[in-house]
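The listed protein sequences correspond, in order, to chains A and B. All letters in the first sequence, in the order written, are residues 1 to 297 by the numbering used here. All letters in the second sequence, in the order written, are residues 1 to 451 by the numbering used here.
Hints in this document: simulated from the structure, not taken from any laboratory. Accuracy of the hints is not assured; some may be wrong.
As the list claims (entries may be wrong) - Chain B is nowhere near these chain A residues, computed Cβ spacing over 10 Å in every case:
id: 1; residue: S44
id: 2; residue: D47
id: 3; residue: Q63
id: 4; residue: I66
id: 5; residue: R75
id: 6; residue: A98
id: 7; residue: G103
id: 8; residue: R105
id: 9; residue: D164
id: 10; residue: E255
id: 11; residue: V257
id: 12; residue: M275
id: 13; residue: L283
id: 14; residue: E284
Stated by the list, open to error - Rough simulated footprint, nothing fancy, chain A against chain B, three-plus residues with beta-carbon under 8 Å:
id: 15; segment: 325-331
id: 16; segment: 357-369
id: 17; segment: 398-409
Said to hold, decoys possible - One-sided excerpt, in silico: chain A residues whose CB lies under 7 Å from chain B:
id: 18; residue: P45
id: 19; residue: R46
id: 20; residue: R48
id: 21; residue: A53
id: 22; residue: L268
id: 23; residue: V296
Since this is a predicted model, take the numbers as computed values, not measurements. The beta carbon of each residue, even a glycine, is placed where N, CA and C say it ideally should be.
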Amino acid sequence: MTRARGERNPARFAGSWAWRGLAGFLALCLMGVLAPAAAEEESSPRDRLHMLAEDPRTEADLQAEIRVGREVAARILARDPLVEDPELQRYVNLVGSAVAAHGDRSELSWYFAVTDSDEVNAYAAPGGYVFVTRGALKEMRDEAELAGVLAHEIAHITRRHIVDALDIRAPEDSPLAGITRFFGGATEVARVAFSEAVDQVMDVLFEDGLRREDELDADHHGLMLAVRTGYDPAGLPRYLARLAEFEEDDKDAVETVARTHPPASERLEALERLMEEQGIDGLEQPAREERFARHVR
Amino acid sequence: MASSNLPGRNALPVMCDECHRLSPEPLRQSLLLLAVCITGSAMLVPAKALGDEFHYRDILIGDRAAGMGGAYTAVSDDTAGLYYNPAGIVHAGDRNLSGSVNAWHETSTTYRDVLGDDDWRRDSAALIPNFFGIVQPIERGVVGFSFVVTDLIREDQDQTFTVEEEPWEQFTINLNDSQTEYKIGPSWALELTDDVSIGGSLYVYFREQEVINNQLVIEDFGNGGPPDTEWRYVQDQNDEWGLRPVLGIMWDVTDQWAIGASIRGTQIISADNYNILICHGSSATDPPDGTREAFLCQEGEVRHEESESDTRREHPWETRVGVAWFHSPRWMISADFSYHTEHRDVVRGRTVQATWNAALGTEYYLNSRWALRGGIYTNRANTPSQVERFDHVNYVGGSLSLARFSRNSSITLGVAHSQGSGQGQVLPVDRPPQDVRASSTSIFLSSSYNF
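One chain only, chain A, in its complex shape:
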């Protein structure tokens, strides 16, 4: 078939276009080869860069944390009601507030409560809600042990263990996010996400637990917090030693804590190492047995 001068051969036209596409693709690959990789060194290559970026937490994120924590607290109290002893509740609140005041989340209002459960356990919901069971209080011998347990739970909150694990944040309110939600049909995302977050926190507290490292981190920071507040550093270790005995002799009493935490013996060893490293294993600070006995017994 003959073609007029200047007329392009369709096959050649498509071919040249393909070569241009291939050249563009190779240019894009070259950019990748030259990519600086320092920022991503610690991550898996399959991760995506935008997911590794640190986003500063906003006031809206704080409010989201508190809202989720408040709802979780309501569910915990629906499961185990408060012990009807206002004096005991006031005392635990005073001890907890004193410890929390030495932490680094002054933006939170802290709430401490004793729940009416025989089980030996304590919980922390995001946003400043801390619970200790009547069964746990029964096994404590002094205020330093109570402060140590509360400090462990406070550390979960100040270190944002649950918040980070479940990525509890406010829905984005940027124009881009609004457009995305509109096109993606995700306008109900905020409501659904809130409900899911509450369910997930309950699962973490009563079923799955946090990561082992988070629990050991809470022990570490909790112990230091109790020491800064002025309590005997051996308070939490003494309590853990008793918990370890339960894990040996009466597993039912510590069923949830055993399921959701590393073994008490392992935590105890880690704390003893920490105290030695920090030089606080012989530190003499009050345990306040009498005051504890007056309010708890």
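Since chain A is already given, all that's left is putting chain B on it; use the hints.
What follows is chain B alone, placed relative to chain A:
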């Protein structure tokens, strides 16, 4: 739309997208041949549709995947993975994801020198809700649900050709081709080991196609009498639905290398094929000597024929294999190869040839907020290279997209363009095949959200 009255004649109103005044013979004959051929020459030969049962990569699916030329089988770690390789969605992590894509899609096919020295061109353009998917981790594995539009044609062609000699003649070709192929269904994926996952999607497959073709020929001898008018109407409708399971496997060979594979097939459960022809003949295309090769209807003929059947077509099995190399969270590259088996299409009366496609894609993060994606891909025909009735055009395409990320969401703007050349047969089969040049362009806006 253009409108014109033709002075000196019977002032017939003409409404057309394109109005052409062309030289006479052999144009008259070409127009008649074209008219007969695209409406189907008999009841058993359906009208020729523009799109595109002849290719398998007409529209790139997904957000990230479309920007990477569809090379996604070994990546598949977001909602688009539900379509490409459901085993990959285990890599979505513990996030709930939703993703959607809307695309402006247009195609153009030009048949060279069909109308004498002039080309004949067919166009389609439509806005497509291309994809929606959602992924959610559960206790055992990850579940998802997706809706995919894999092909869509909206052709509304309205052309009028005028032959300026005695007798004066006007040919009007009005062609409406509407086709949609979509899939909707749930998916589930499970991590078997740290490195191997499997997954499946069970799509319900729908295809709706309706081609309506009107041909009107007006012949005026200029003697003051009423013009001869010949009209032929053909409607061809094929609807079918069935199940299209997709099974996939993903193997993370190392931290940086992954291999993925998927297989899919379609089993048609129900089909409805309907055809109607109405023809009103006159002497306009039926000269007394009977030497014309083609005519719409014979003089004096009034035909009305309908046929209906529930004949179910076969569909090919498709196997995809992909490999991906993750250099770092900033850059990755992936490649896909797919093979489609040969099968018999009893409705179209053709053997659908086996064919293959390949794609190569990459993603590069400019920073933690912006990512650039690019890809090249093929879209090869499943028709014989020795053209008999259906076009044989192999496309080569490229895609490019830019994504902007915020904390929980991303929005992507991209373009995919493919083009190719080959041969077609819009004139009767005893004529030599015509050169064809075709192109397809999609501009897509996509978004994804994790929560």
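Okay, the hints, checked on the actual structure:
1. S44: violated (6 Å)
2. D47: Its Cβ does come within 10 Å of chain B, the nearest being 4 Å, so this is violated.
3. Q63: holds (16 Å)
4. I66: At about 19 Å from chain B, I66/A clears the 10 Å cut-off, so the statement holds.
5. R75: Non-interface label on R75/A holds, nearest chain B Cβ at 20 Å vs cutoff 10 Å.
6. A98: Nearest chain B Cβ is 36 Å from A98/A, so the label holds.
7. G103: At roughly 26 Å from the nearest Cβ of chain B, G103/A sits farther out than 10 Å, so the non-interface label holds.
8. R105: Non-interface label stands for R105/A: nearest chain B Cβ at 22 Å, farther than 10 Å.
9. D164: For D164/A, whose nearest Cβ neighbour in chain B is about 12 Å away, the distance exceeds 10 Å, so it holds.
10. E255: Given a closest Cβ separation of 20 Å, the condition holds.
11. V257: The claim holds: V257/A sits with its nearest Cβ about 22 Å from chain B, beyond 10 Å.
12. M275: holds (35 Å)
13. L283: Label holds. Min Cβ-Cβ 41 Å, cutoff 10 Å.
14. E284: Holds, because the least Cβ-Cβ distance between E284/A and chain B comes to about 46 Å, which exceeds 10 Å.
15. 325-331: holds (count 6)
16. 357-369: holds (count 7)
17. 398-409: Holds, because 8 residues of the segment 398-409 of chain B bring their Cβ atoms closer than 8 Å to Cβ atoms of chain A.
18. P45: Holds: closest Cβ of chain B sits about 4 Å from P45/A, inside 7 Å.
19. R46: OK, holds: R46/A within 7 Å of chain B, min 5 Å.
20. R48: At about 6 Å, which falls below the 7 Å cut-off, the nearest Cβ of chain B leaves the hint on R48/A intact, so it holds.
21. A53: A53/A check passes; min Cβ-Cβ to chain B is 4 Å, inside 7 Å.
22. L268: violated (31 Å)
23. V296: Given a least distance of 40 Å, the restraint on V296/A is violated.
Against the hints set out earlier in the document, violations occur for numbers 1, 2, 22 and 23.
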